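Start from the sequences, fold in the hints, and give me the full structure.
Protein chains in written order, with the numbering used here: chain Y, 763 to 1007; chain L, 3 to 276.
These are computed hints drawn from the structure, not numbers from a lab.
No experiment lies behind these values; they were computed from the predicted model shown.
Think of the CB as a built atom: it goes at the ideal place given N, C-alpha and C, for glycine as much as any other residue.
Honestly, I wouldn't trust all of these hints.
Across the chosen pairs, the derived CB separations fall in these ranges [unchecked claim]:
| hint | chain 1 | residue 1 | chain 2 | residue 2 | range |
| --- | --- | --- | --- | --- | --- |
| 1 | Y | 893 | L | 37 | 38 to 46 Å |
| 2 | Y | 775 | L | 266 | 40 to 48 Å |
| 3 | Y | 892 | L | 33 | 33 to 41 Å |
| 4 | Y | 783 | L | 112 | 53 to 61 Å |
| 5 | Y | 775 | L | 86 | 49 to 57 Å |
| 6 | L | 266 | Y | 939 | 54 to 62 Å |
| 7 | Y | 939 | L | 193 | 51 to 59 Å |
Selected chain L positions facing chain Y (in silico; Cβ < 8 Å) [to be verified]:
| hint | residue |
| --- | --- |
| 8 | 167 |
| 9 | 172 |
| 10 | 173 |
| 11 | 175 |
| 12 | 179 |
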Amino acid sequence: MANIEIKQLEKTYTDAKGRQTRVLDSIDLTVSGDTFVSIVGPSGSGKTTLLNIVSGIESATSGSVSLREGGRDAKVGYVFQDPRLLPWRTVMQNLSFVQDDRSDWEVRARHYLELVGLGHLGDRFPAQLSGGQQQRIGIARAFSVEPDILLMDEPFSHLDAMTSRSLREHLEQIWLQSRKTVLFVTHDITEAVQLSDRIIVLAPGGRIHETIEVDLPRPRRASDPRVAVLQAEVLARFEALEAAA
Amino acid sequence: MVSKAPVVAGTRPVMSTVSTSAPRNGLQRRAISFVALILAVVLWAAAAWLISDNILPSPFTVFGRMIELVVSGEVFVHFFSSIQKILAGFGLALLFGIPIGFAIGKSQFMAAYFAIPLFTFGNIPGLTYAVFGLVVFGIGAGGPITVSAMVALPFIALNVAEGVRSVDGGLLRMCRAYKRPFGTIVRHVYAPALAAFVFSGVRYGFAMAWKVEALTEVFGAGEGVGFMIKRAYQEFHVGDMLAWTMFFVIVMLLIEQGLNMLEKRIFAWRKDLA
Ligand SMILES: Nc1ncnc2c1ncn2[C@@H]1O[C@H](COP(=O)(O)OP(=O)(O)O)[C@@H](O)[C@H]1O
Ligand SMILES: [Mg+2]
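Next up, the structure:
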């Protein structure tokens, strides 16, 4: 069971003139097991920065992040806001690129391409796919490394409503089958309530404003009245936060 | 034939050499080229008919001379000699140009450091290079090789620098998130991203190196295409001069064709070429 432990995490950017901006402020967060955690917050509240530090893309100013699975470091998959595929490599080559475990990567890659509904497009180049298809390849890529922890940064935000709805359902199904620890950044409250076990609200300045536990049975339908009630509640708190900012 | 030096400082890599607004199909384009060629030969024949054969021989005389040169094998000896030197010089230019371009693309300091040397290298007239090759290396292969290296280097370095700057930061962050080793990143991210830029550097650098190399042979060589053009000139064989020049043009066209084919193959992933 994967374990994420973030302690007293701080991130400060210093600009060319030496001015400092605090982006993340004493973040404490522990997630264990197959929990789906959403991080919501206004634009600029440090959501992407948090994922980047967790994934090791950026370093923290202070504090610690530990990602463990059993007795070893956890393996991480990351779905970005944009697809970030190598344009000069085919879909399969893109999936191959991220594999450490070469033994049966092709089987895994094909399996997850099937799951996102693109099993037949393995030989295409990214430029020959639509934006939604490219994003699905990015999701398949993240799952194909069989990560213990999955990081997702507003993965559906660039897509039209229809596509993002269908992808969200795909994601929920895959997650229900494979059960991983997920940190999922979104600015869409509906999405957060539908997918998460826990919702973390970041306030401007990068502090955790509150944590909301979601205890509703899965799979959840947007039309389920309990989902609607919780959405309205979270939205109200979110609006209060934005009004205060 | 004094070639004009290129302005390198403002050189922008030309990414798409296969333009989308070209004539509708290759066949049509070829037909137009063919008509233009026929027309040029007719004009040449007409001019030659009016002007003395010693000054402007007819295309048929020149063509006959070309066939003789092919049959005797002289063409192959001298082109082989020239191409060998250009390739050697070009290899040197790649060897130094790629790391210099990498440094310029990655560091402001290096960009400032190399700005003036590269500008200078790129703007020295071809004639100066030719004389320099003769003075420093005397008659032999050293001059042409060094000169083609110096001419091609700025093109390659500046294009590689532009390529390094163009590498998508998002892709590099993706590589970090998936903990890709440096060698893998070079092979799968930097190299392909740079390929288009190296390619256009090679294309222009090669054409320049060719011209200046031939010019260098005029002054300081005992063989090669430039040398043969000079000899024909000294013996006042205008027909030979034109025959060699024609070969020169033909070889340039063949190289251009080869590069085009290679480009299509390497850049199959690009939408605009697909
Ligand atoms: N490399 C950087 N240098 C300076 N400031 C940055 C950098 N990256 C992000 N920021 C700033 O940090 C803040 C949080 O950014 P980000 O994590 O992208 O927010 P979010 O994803 O919540 O919209 C923003 O104010 C942004 O301007
Ligand atoms: Mg963001």
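Regarding residue 775 of chain Y and residue 266 of chain L, is the given constraint of 40 to 48 Å on their beta-carbon distance met?
Given about 44 Å between the Cβ atoms, the range holds.
Should the hint that residue 175 of chain L touches chain Y count as held when the rule is a Cβ pair under 8 Å?
Holds. Min distance 5 Å.
Between residue 893 of chain Y and residue 37 of chain L, does the beta-carbon spacing fit 38 to 46 Å?
45 Å, holds
Taking the CB of residue 939 of chain Y and the CB of residue 193 of chain L, does the distance hold inside 51 to 59 Å?
For residue 193 of chain L against residue 939 of chain Y, whose Cβ atoms are near 37 Å apart, the range 51 to 59 Å is violated.
Please test the hint of 33 to 41 Å on the beta carbon pair from residue 892 of chain Y and residue 33 of chain L.
Holds: the Cβ-Cβ distance is about 38 Å, inside 33 to 41 Å.
Supplied distance hint 53 to 61 Å, evaluated on CB atoms of residue 783 of chain Y and residue 112 of chain L
30 Å, violated
Hinted contact residue 172 of chain L with chain Y - closest CB pair below 8 Å
Check passed: Cβ of residue 172 of chain L comes within 5 Å of chain Y, closer than 8 Å.
Hint says 54 to 62 Å; check whether the CB-CB distance for residue 266 of chain L and residue 939 of chain Y agrees.
The hinted range 54 to 62 Å is violated for residue 266 of chain L and residue 939 of chain Y, with Cβ atoms some 43 Å apart.
Close enough to count: is the Cβ of residue 173 of chain L nearer than 8 Å to one in chain Y?
Since chain Y brings a Cβ to about 6 Å from residue 173 of chain L, closer than 8 Å, the hint holds.
Cβ separation of residue 775 of chain Y and residue 86 of chain L, checked against the hinted range 49 to 57 Å
55 Å, holds
Does the closest beta carbon of chain Y sit nearer than 8 Å to the beta carbon of residue 179 of chain L?
This hint holds: residue 179 of chain L lies near chain Y, its Cβ roughly 4 Å from the closest one there, short of 8 Å.
Can you verify the interface hint for residue 167 of chain L: is its Cβ closer than 8 Å to any Cβ in chain Y?
Hint on residue 167 of chain L: violated, closest Cβ of chain Y at ~17 Å, above 8 Å.
The structure does not agree with the numbered hints 4, 6, 7 and 8 stated previously, though it agrees with the rest.
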